[in-house]
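J.: Sequence:
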Amino acid sequence: MPTVEELYRNYGILADATEQVSQHKDAYQVILDGVKGGTKEKRLAAQFIPKFFKHFPELADSAINAQLDLCEDEDVSIRRQAIKELPQFATGENLPRVADILTQLLQTDDSAEFNLVNNALLSIFKMDAKGTLGGLFSQILQGEDIVRERAIKFLSTKLKTLPDEVLTKEVEELILTESKKVLEDVTGEEFVLFMKILSGLKSLQTVSGRQQLVELVAEQADLEQTFNPSDPDCVDRLLQCTRQAVPLFSKNVHSTRFVTYFCEQVLPNLSTLTTPVEGLDIQLEVLKLLAEMSSFCGDMEKLETNLRKLFDKLLEYMPLPPEEAENGENAGNEEPKLQFSYVECLLYSFHQLGRKLPDFLTAKLNAEKLKDFKIRLQYFARGLQVYIRQLRLALQGKTGEALKTEENKIKVVALKITNNINVLIKDLFHIPPSYKSTVTLSWKPVQKVEMGQKRTSEDTTSSSPPKKSPAGPKRDARQIYNPPSGKYSSNLGNFNYEQRGAFRGSRGGRGWGTRGNRSRGRLY
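Each number in the numbering used here corresponds to the 1-based position in the sequence shown with 339 added.
Everything labelled a hint here was simulated from the structure, so no lab data went into it.
Treat each hint with caution, since some may be false.
[Claimed, not checked] Below are the DSS-like pairs computed for lysine-lysine, each with C-alpha atoms no more than 25 angstroms apart in a straight line: (1) K375 to K364; (2) K775 to K648; (3) K469 to K519; (4) K648 to K676; (5) K641 to K703; (6) K393 to K469; (7) K520 to K535; (8) K748 to K775; (9) K765 to K775; (10) K708 to K783; (11) K676 to K695; (12) K648 to K713; (13) K520 to K499; (14) K695 to K783; (15) K708 to K648; (16) K783 to K743; (17) K423 to K492; (18) K765 to K676.
From just these sequences and the hints, can you work out the full model?
T.: Printed below as a string of structure tokens:
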């Protein structure tokens, strides 16, 4: 094996040869053999091999393999030097191979090496984006789990930093095509990352692009399959997929397919839903998603049938007044609790879909059923008014820091919920029922009202007295509603359900399918 002096001498031969450098193959071979030497020889080889690499295409494989040996050296300084120089080997047909190698090197636990690998990948991305993607996706589809995980995270964090001239339309099309292959078998966490990648592509910002993404999510959600409420993986997958779809819906990209599935398959099984996430109010999560989607539902094939299912589920949370004894006191032990959070979601969804069939309550229900519904609405509205008064009184005069305490945050959200329900109930009390009011769901950011635009809901932080409640005996708010623990806390915020974990292997090793036998060990 060559000494330091021999390496320098052969480096001088190649450097002095200028245009005739390719005639000194023996000198380059000596430098390649430097990887078999000691620490000093290896450090020199790590620098000299890439410098003259392009002049010896017939030794390309030997040169790349020599550099790779240095990338795996025990000496961290040698590894870092070798990795730093890898982009110089990314020429022509060698580039995808170098990209593949760098992707595998992402598994390093050394932070400095990891940063070098990231920088090297970004460097060759700017040389040839398609070739680099070929190496990355090759490892995502076939590599070790740790390599796959870090390659996906690289794409999700670094693609958005690349300039437009690198991420051309053709490159974005390649990303979409390759991503579809990966999505045939992903975990929940991986699915979320790929949706982040794809939704950030410029070519998918259009209506047709968003529609493509919705179709991708629908495919992942298995909307053609019968829903199994007792299977936590099935429930988990549906919720994670729906959560990814919600931001894509608009007046031009409809949620009809998802809303239909929720009405037909999920609502009838709401009480039997299971979830792998401890402490999660799965029923409330489902109802929130349905409410958010209902605003963008298009023409529904079985609208009346699904509206009836939604109506029946709403009735479950809209109790009848308790029977009163002859002395005017309650005959039962206690009054029913009013589930405001659930009712806000169900009433909002019913209100949105009801716009498409405005005569549902008057023409599609018999007189007795409509009368029963109005009694329930009136009873709920009475309890609502008492609770709204209590909340406004508790918040009266509080501003700034005082409203930021945990207790007051809960009260502010509770006031939003009750005000929303109040507005929607007033609409349904009209003769005939009206569907014109607009409210912002309690967990969504409030939309600014333009000048001259009519306000359709009450100010949720107003301390002014509420309007007169519907006629009926006054009741103490504690008798009417005792807020369940946690109902007005984290469950009311804008949740990030997809961050709670990955899918749990419903179709194999990754949760959504079987990846089959994957090769192990060094692939380069």
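J.: Each of the hints needs a verdict: does it hold here or not?
T.: Outcome of the hint check:
1. This hinted pair checks out: K375 and K364 have alpha carbons roughly 18 angstroms apart, not beyond 25 angstroms.
2. A C-alpha spacing of about 22 angstroms is found between K775 and K648, which places the hinted pair at or below 25 angstroms, so the restraint holds.
3. Taking the CA atoms of K469 and K519, the gap is about 16 angstroms. The hint holds against a cut of 25 angstroms.
4. A C-alpha spacing of about 22 angstroms is found between K648 and K676, which places the hinted pair at or below 25 angstroms, so the restraint holds.
5. Restraint check: the Cα-Cα separation between K641 and K703 comes to about 14 angstroms, which is no more than 25 angstroms; the hinted pair holds.
6. Taking the CA atoms of K393 and K469, the gap is near 21 angstroms; set against the 25 angstroms cutoff, the hint holds.
7. A distance of roughly 16 angstroms separates the Cα atoms of K520 and K535; the hinted pair therefore holds under the 25 angstroms criterion.
8. About 29 angstroms separates the Cα atoms of K748 and K775, which puts this hinted pair outside 25 angstroms; it is violated.
9. Proposed proximity of K765 and K775 is supported: the alpha carbons are some 11 angstroms apart, at most 25 angstroms.
10. For the hint pairing K708 with K783, the CA-to-CA distance comes to about 33 angstroms; that exceeds 25 angstroms, so the pair is violated.
11. Proximity of K676 to K695 is assessed by CA-CA distance (about 31 angstroms); at most 25 angstroms being required, the pair is judged violated.
12. Taken as a hint, the K648 and K713 pair is honoured in the structure, with Cα atoms around 18 angstroms apart against an allowance of 25 angstroms.
13. Restraint check for K520 and K499: satisfied, since their Cα atoms lie roughly 21 angstroms apart, inside the 25 angstroms limit.
14. Among the hinted pairs, K695 with K783 is consistent with the structure: their alpha-carbon atoms are about 23 angstroms apart, no more than 25 angstroms.
15. With a CA separation close to 14 angstroms, the supplied pair K708 and K648 stays within the 25 angstroms bound.
16. Restraint check: the Cα-Cα separation between K783 and K743 comes to about 18 angstroms, which is no more than 25 angstroms; the hinted pair holds.
17. The suggested pairing of K423 with K492 holds, with an alpha-carbon distance near 21 angstroms, which does not exceed 25 angstroms.
18. Distance restraint check for K765 and K676: the Cα-Cα separation of roughly 21 angstroms lies within the 25 angstroms cut-off, and the hinted pair is therefore satisfied.
Against the hints set out earlier in the document, violations occur for numbers 8, 10, 11.
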